[in-house]
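So the sequences go chain by chain: Y and B. Each residue of the first sequence is one higher than the last, beginning at 7 in our numbering. Each residue of the second sequence is one higher than the last, beginning at 45 in our numbering.
Among the clues, some could well be false.
[What the hints assert, rightly or not] Cross-link-like lysine-lysine pairs, in silico, BS3-like; alpha carbons within 27 Å at most:
1. B:K113 - Y:K146
2. B:K95 - B:K298
3. B:K113 - B:K298
4. B:K169 - B:K230
5. Y:K146 - B:K298
6. B:K194 - B:K113
Keep in mind that the hints were calculated from the coordinates and are not lab data. Model, not experiment: these values are computed from the prediction.
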Amino acid sequence: MSRHPRSRSMGWPRRIAHVALILLALVFLVAFLLLPLATVFVEAFRQGVAPYLQAIWQPEARSAIRLTLLVAAIAVPLNVVFGVAAAWAMTRFEFRGKTLLGAFIDLPFSVSPVISGLVYVLLFGAQGWFGPWMEGHGLKVIYAVPGLVLVTVFITLPFVARELIPLMQSQGSEEEEAARVLGASGWQLFFRVTMPNIRWALLYGVLLCNARAMGEFGAVSVVSGHIRGLTTTMPLEVEMRYNEYDYVGAFAVASLLALLALLTLAVKTLLEWRYGDEIAAHAPGGH
Amino acid sequence: MNKLVPCLVALAGTLLAASVAAKDVTLLNVSYDPTRELYRDINNAFAAQWKAQHGDSVTIQMSHGGSGKQARSVVDGLPADVVTLALAYDIDAVSDRGLIARNWQTRLPDNASPYTSAIVFLVRKGNPKGIKDWADLVRPGVQVVTPNPKSSGGARWNFLAAWGYALKQPGGNEAKARAYVQELYKHVPVLDTGARGATNTFAQRGIGDVLIAWENEALLAQRQLGKDKFEVVVPSVTILAEPPVSVVDANADKHGTRAVADAYVQFLYTPQGQEIAAKNYYRPRLQDVAARYASQFPATHTFTIGEVFGDWRQAQAKFFAEGAIFDQLGAGR
Chain Y
7 MSRHPRSRSM
17 GWPRRIAHVA
27 LILLALVFLV
37 AFLLLPLATV
47 FVEAFRQGVA
57 PYLQAIWQPE
67 ARSAIRLTLL
77 VAAIAVPLNV
87 VFGVAAAWAM
97 TRFEFRGKTL
107 LGAFIDLPFS
117 VSPVISGLVY
127 VLLFGAQGWF
137 GPWMEGHGLK
147 VIYAVPGLVL
157 VTVFITLPFV
167 ARELIPLMQS
177 QGSEEEEAAR
187 VLGASGWQLF
197 FRVTMPNIRW
207 ALLYGVLLCN
217 ARAMGEFGAV
227 SVVSGHIRGL
237 TTTMPLEVEM
247 RYNEYDYVGA
257 FAVASLLALL
267 ALLTLAVKTL
277 LEWRYGDEIA
287 AHAPGGH
Chain B
45 MNKLVPCLVA
55 LAGTLLAASV
65 AAKDVTLLNV
75 SYDPTRELYR
85 DINNAFAAQW
95 KAQHGDSVTI
105 QMSHGGSGKQ
115 ARSVVDGLPA
125 DVVTLALAYD
135 IDAVSDRGLI
145 ARNWQTRLPD
155 NASPYTSAIV
165 FLVRKGNPKG
175 IKDWADLVRP
185 GVQVVTPNPK
195 SSGGARWNFL
205 AAWGYALKQP
215 GGNEAKARAY
225 VQELYKHVPV
235 LDTGARGATN
245 TFAQRGIGDV
255 LIAWENEALL
265 AQRQLGKDKF
275 EVVVPSVTIL
285 AEPPVSVVDA
295 NADKHGTRAV
305 ADAYVQFLYT
315 PQGQEIAAKN
325 YYRPRLQDVA
335 ARYASQFPAT
345 HTFTIGEVFG
355 DWRQAQAKFF
365 AEGAIFDQLG
375 AGR
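Modelling step: build the complete structure from the supplied sequences, incorporating the hints.
As structure tokens, this is what we get:
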């Protein structure tokens, strides 16, 4: 986080290298991040504000926004519970298969999202393992909201746990042991000691998890069935509108997604800025 | 955290309630890519008619995607009441799983294809490469855009149109057809997965000199993206593409939507349905509607799949199955 380079007297060659590196990073950022981002908004407003508002106020767009938020609102809390539990287990207990659990947590990172989606189709689709049974009981998972939630949970599963584990590892369990000795109950211990220590990392995890949950395309595309206004999330709506030659509409919805991402980023930055010292105090070395 | 659990339970409850309450008169039409505009109009007209006749309001939900993928989704449980796909083979695939009666193609007139299309060329304004017929596509320096027949129904029609053209040339035979099609696919720089993707490649990304496409897709692209940018070229001979429709029997019976679903597919054959099809650049079956839109659909010699290839199952096995002719040509790379 140190803004000022340790400016002992630098020689010319070093200073040139210094400037060149900064320039390179800037050019890279502009070309690969800012330009595409700007394009989204330019294209969205190409025909003015009214068509833009019209595009995002269509029933299909509104339902896509609602669905995206709903899926994230279910998937993120589930993964918070799981992430905290997993991190707790991984850092506070010794048990057989601990490394295996660690590997499983990382699985969604290493599996292609399309495969994750297909796996659920193979499990819960009409031809899948549990398909006929669920059909008989009137349960719908694939091509319905539960399926979207399921794959989103799978895809975003590692974010919270991976954010917490290194922190909790480095913090150790002395404080908790002390609390235990002083007679704290399990829940007291968790909410009064552990939670305050991990809350910033947890928040990071939630933000990342949420960003991915709202932006996921591949896995969601496989289990969605693309029923307009019913099972299309915002990323799918973007693709659909692009395919319908509705470029303003596509980019308008895309701009909303981008806005949500920017908002997440803003919240994160604000927190860092507001509580910088506190975060630093709780962060493991160099995190 | 202890407030979270009741919240979640409530949420799940609302979800369940919502999915149960939505069982009024709702139809799901699972269709292929280029029919979005067509069915938007059809659905409005049908809903109005149904309301006028029965007093019930019917909502038709749409799902669009590559034809083969859509068929697969229905097999996997996408609850379609009606399928309107790009080719009969895809509906056969759903029928093979027992969701649609075997005789689906004879339950409705005209091979269950209420509208047709031809396979035509879309070229850039002024036709700079002078493309007039299939033979021009394999001239040196001509780049052709067509999607991948493995994944796209439209691409299969394109392939068969090219094959049929070569067969029908003087002295044409299987070997010559094979040689022509092989040469043709050497001129294809990129095989998109779907028809709409190929159109976007050609029109938006500016790749290629000619797009082989459904006539409806070519005319729509011209309307959407500018008449001043593209021209439609109708070749001397081409295939009459017959995109079929069917009620998905198992689902319609389960949902209790049989009557509406039947009326919906039959609506496509009515003068009003035919008019809407023609407006959306599909060739209508009804003669008097066709006559009114004659200027939009230039006359050309067409052949059907039945006349040249038997039926879709045979064509699929011969050309597009694993290791069949398309694979042998090495065009899929």
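Each hint tested on the structure:
1. B:K113 - Y:K146: Satisfied, since the Cα-Cα distance of roughly 20 Å is no more than 27 Å.
2. B:K95 - B:K298: Given pair K95 of chain B, K298 of chain B holds - Cα atoms ~23 Å apart, limit 27 Å.
3. B:K113 - B:K298: Within the cut-off at roughly 23 Å; holds.
4. B:K169 - B:K230: 24 Å, holds
5. Y:K146 - B:K298: 14 Å, holds
6. B:K194 - B:K113: 11 Å, holds
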